[in-house]
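Build out the structure end to end from the sequences listed, making use of the hints.
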Amino acid sequence: MFPTVLLILLHPSLPTIHAQCIDDPYTGQYCCEGVQRHGPPSTPTQPMVCCGSELINLNQNICCDDAVNPIQGDPVSTACCAKQSINLNTNICCDGVVNEIQGDPLSTACCATKSYYVKMDICCGDVINKRVDPVYTGCCGSQAYWTTKDCCCHGKVTSPSDCPDSHTQCPPTARTSFNSTKNVTTH
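Going letter by letter, the sequence shown gives residues -19 to -1, 1 to 168 in mature numbering (1 follows the signal peptide of the UniProt record, and there is no 0).
The hints are simulated quantities; they were obtained by calculation from the structure and are not laboratory data. We treat Cβ as the ideally placed atom computed from N, Cα and C, and that holds for glycine. Not one of these hints is a red herring.
With a straight-line cut-off of 16 Å between C-alpha atoms, the simulated EDC-like cross-links for lysine to aspartate or glutamate are:
| no. | residue 1 | residue 2 |
| --- | --- | --- |
| 1 | K95 | D76 |
| 2 | K64 | D76 |
| 3 | K95 | D107 |
| 4 | K100 | D114 |
| 5 | K64 | D47 |
Pair by pair, the computed Cβ-Cβ distance ranges are:
| no. | residue 1 | residue 2 | range |
| --- | --- | --- | --- |
| 6 | L39 | H135 | 44 to 54 Å |
| 7 | V30 | D85 | 31 to 41 Å |
| 8 | K64 | P28 | 17 to 27 Å |
| 9 | S123 | I3 | 55 to 65 Å |
| 10 | K137 | N70 | 38 to 48 Å |
| 11 | C61 | D85 | 17 to 27 Å |
| 12 | A48 | H135 | 39 to 49 Å |
| 13 | V30 | N68 | 15 to 25 Å |
| 14 | G122 | N70 | 30 to 40 Å |
| 15 | M101 | T71 | 16 to 26 Å |
| 16 | Q10 | A60 | 21 to 31 Å |
| 17 | G33 | D55 | 16 to 26 Å |
Structure (C-alpha cells):
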C-alpha cells in the first residue's frame, strides 16, 4: 500500500527520516539541520541535543543562538548572553552585553547595556545615577532626585516652592510619577 519510508514518517514511535538523515535519540542517531550526527543515546543523565548542525551534551555545553559554548561553573547557573555562555553567579546579561555582577546577584540590575548596584545607584532613562537617598530616590527624565524634598515638573527637578499651583508637589498634569520596581518614569 504505502512505501516503507512513508510509513516511517507517519508512525510517531519510529525514527524520523529527513532526506536520508535519521533522527532517533534513543539509538544515538541525530539529524542536526540536515547533517547526520552519531553519539551516545540521549538519557536524563546525559542529555544530547542538536545545536545548529552540531551535537552537544547539555551537561558540558549550552547552545546559544546555534553557537556551542562551554558550561560556566555548573549547568544550573549557566545561561546565554547573545551567542556566549555566562555564569549567573558572576555575570549578568544586559541587552546582549556581558557585565559583571555589582555586589550580590540579587542587587544587580541592568540599565540599557550596563549593570549597576541597585542599593547605591538608580537607572533613569538608560543613565546610571547615584541614589540621593536609600529609599526616596526617583527619576526625573535621566536625572535622580529626592522625592520627599524635590518635585519633578515637565521632566525637570525643582524645589517644591517652584512648582506651579502647589507648594508641595507638581500639579497632576505636570507631575512625573516613579515606579520603584522598574526604575522608570511613567510620564
